[in-house]
Amino acid sequence: MAQYDYLIVGSGLFGATFAYLANKHGKKCLVIDKRPHLGGNVYCEETEGIHVHKYGAHIFHTSNKEVWDFVNQFVPFNRYTNSPVANYKGKLYNLPFNMNTFYAMWGVTTPQEALAKINEQKKEAVEALHGREPANLEEQALTLVGKDIYEKLIKGYTEKQWGRKCTELPAFIIKRLPVRLTFDNNYFNDAYQGIPIGGYNKLVEGLLTGIETKTSTDFFVNRTYWEKCADTIVFTGKIDEFYGYQFGKLEYRTVRFETETIATQNYQGNAVINYTDSEIPYTRVIEHKHFEPENPAWNSEKTIISREYSTEWKDGMEPFYPVNDEKNSALYKKYKALADNEKHVIFGGRLAEYKYYDMDDVIEEVLDRYDPLFNF
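Residues -7 to 368 (the working numbering) are what the sequence shown spells out, left to right.
Rather than coming from a laboratory, the hints here were simulated on the basis of the structure. We put the CB at the ideal spot given by N, CA and C, even for glycine. One thing to keep in mind: the hints can contain errors.
Claimed, not checked - Computed cross-link-like contacts, SDA-like style, restricted to lysine to any residue with a CA-CA straight-line distance of at most 20 angstroms: (1) K326 with G240; (2) K167 with A120; (3) K347 with V337; (4) K144 with P76; (5) K46 with M309; (6) K230 with F212; (7) K26 with I338; (8) K206 with K335; (9) K114 with R172; (10) K81 with Q153; (11) K194 with E40; (12) K206 with L13; (13) K319 with A331; (14) K20 with K335; (15) K139 with I165; (16) K144 with H122; (17) K16 with T205; (18) K81 with M97; (19) K194 with Y184; (20) K335 with C221.
Stated by the list, open to error - Computed Cβ-Cβ distance ranges for the label pairs, DEER-style: (21) E160 with V213: 54 to 62 angstroms; (22) W290 with H17: 34 to 42 angstroms; (23) D(-3) with N262: 41 to 49 angstroms; (24) K319 with Q65: 38 to 46 angstroms; (25) K294 with T201: 31 to 39 angstroms; (26) E204 with F164: 40 to 48 angstroms; (27) K81 with T216: 53 to 61 angstroms; (28) R361 with K139: 41 to 49 angstroms.
Construct all of the structure, not just a fragment, from the sequences and the given hints.
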């Protein structure tokens, strides 16, 4: 007889939220994770009193009040507003593209002047296509925002992120580029955003309170044992690995971090600065203390930065972003067909579903799909 109702493989937001719901409805759960900590990619490592986002910047944002209220029951969130800055060869531009950006780019001071400049450059790009549709990301971007913004703020950053020339990337990657004709540096349009006060670990700890967990535990090392220990498996790892890569391996982009402690109170004046020229090898620099200005560590004379380098994923690396091109999408469909026939396995999250998820979308997916299941 199985020891648990659910074995949850992976303690990221999908697994932790599922475990919380199941436990709330009286189900016996075990959560295992191959990493030495819980929380998946939202895990924070405390150094010098600063909560370092170990796997890259995570800013929670949503327009779903149910999701916002759900996470805030475990830990209060601060009012951090994501306002990244782009550094192109030493000159700074606000993101997303807004009147501050256009003033720095062209010296324009009114929405009418900015729009006229953008439309002039968009027209040039559309005319260069001679009536055909954009064939690649470069052509798509040029028709959306024009040459100046594309060359300074999109081209180099995108090519570093994907490891490919923009002319080799499909146009659908950027179906639209938001342009704001206001002086508004708030990157997100959502009604709610912030960072858990004390870091994301507090959110994960709240979700997993009263639930048995095991870290440094790899499902695949003793798969037969783990499959027998529960009635149902909730799998949040790589779907191709679950099926022994029988159709081949899905591709990912990954991120390498260089993290450094610096003896200064404030290194760059912002949490996120993107480096958009191709000469600088990293995509952005994160200064972690800016995420939580209410933290007493803000006043210390030490700060921690992380430089991010985007590379192709290889075995042994952490898979971050699915490569949703035609080839990989076709391969994923083969694995999904197998998954759809499973009676005792639930697949969820960005690796198991081979799709990019924002944090609120992960939680919303679990609440919408599985809360009714438990309430049945």
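Here's how the hints hold up against the structure:
no.	hint	verdict
1	K326 with G240	10 angstroms, holds
2	K167 with A120	19 angstroms, holds
3	K347 with V337	18 angstroms, holds
4	K144 with P76	15 angstroms, holds
5	K46 with M309	14 angstroms, holds
6	K230 with F212	11 angstroms, holds
7	K26 with I338	18 angstroms, holds
8	K206 with K335	25 angstroms, violated
9	K114 with R172	16 angstroms, holds
10	K81 with Q153	18 angstroms, holds
11	K194 with E40	18 angstroms, holds
12	K206 with L13	19 angstroms, holds
13	K319 with A331	19 angstroms, holds
14	K20 with K335	19 angstroms, holds
15	K139 with I165	18 angstroms, holds
16	K144 with H122	25 angstroms, violated
17	K16 with T205	16 angstroms, holds
18	K81 with M97	13 angstroms, holds
19	K194 with Y184	19 angstroms, holds
20	K335 with C221	16 angstroms, holds
21	E160 with V213: 54 to 62 angstroms	38 angstroms, violated
22	W290 with H17: 34 to 42 angstroms	40 angstroms, holds
23	D(-3) with N262: 41 to 49 angstroms	46 angstroms, holds
24	K319 with Q65: 38 to 46 angstroms	42 angstroms, holds
25	K294 with T201: 31 to 39 angstroms	32 angstroms, holds
26	E204 with F164: 40 to 48 angstroms	43 angstroms, holds
27	K81 with T216: 53 to 61 angstroms	56 angstroms, holds
28	R361 with K139: 41 to 49 angstroms	44 angstroms, holds
Hints 8, 16, 21 from the earlier list are contradicted by this structure; the remaining hints agree with it.
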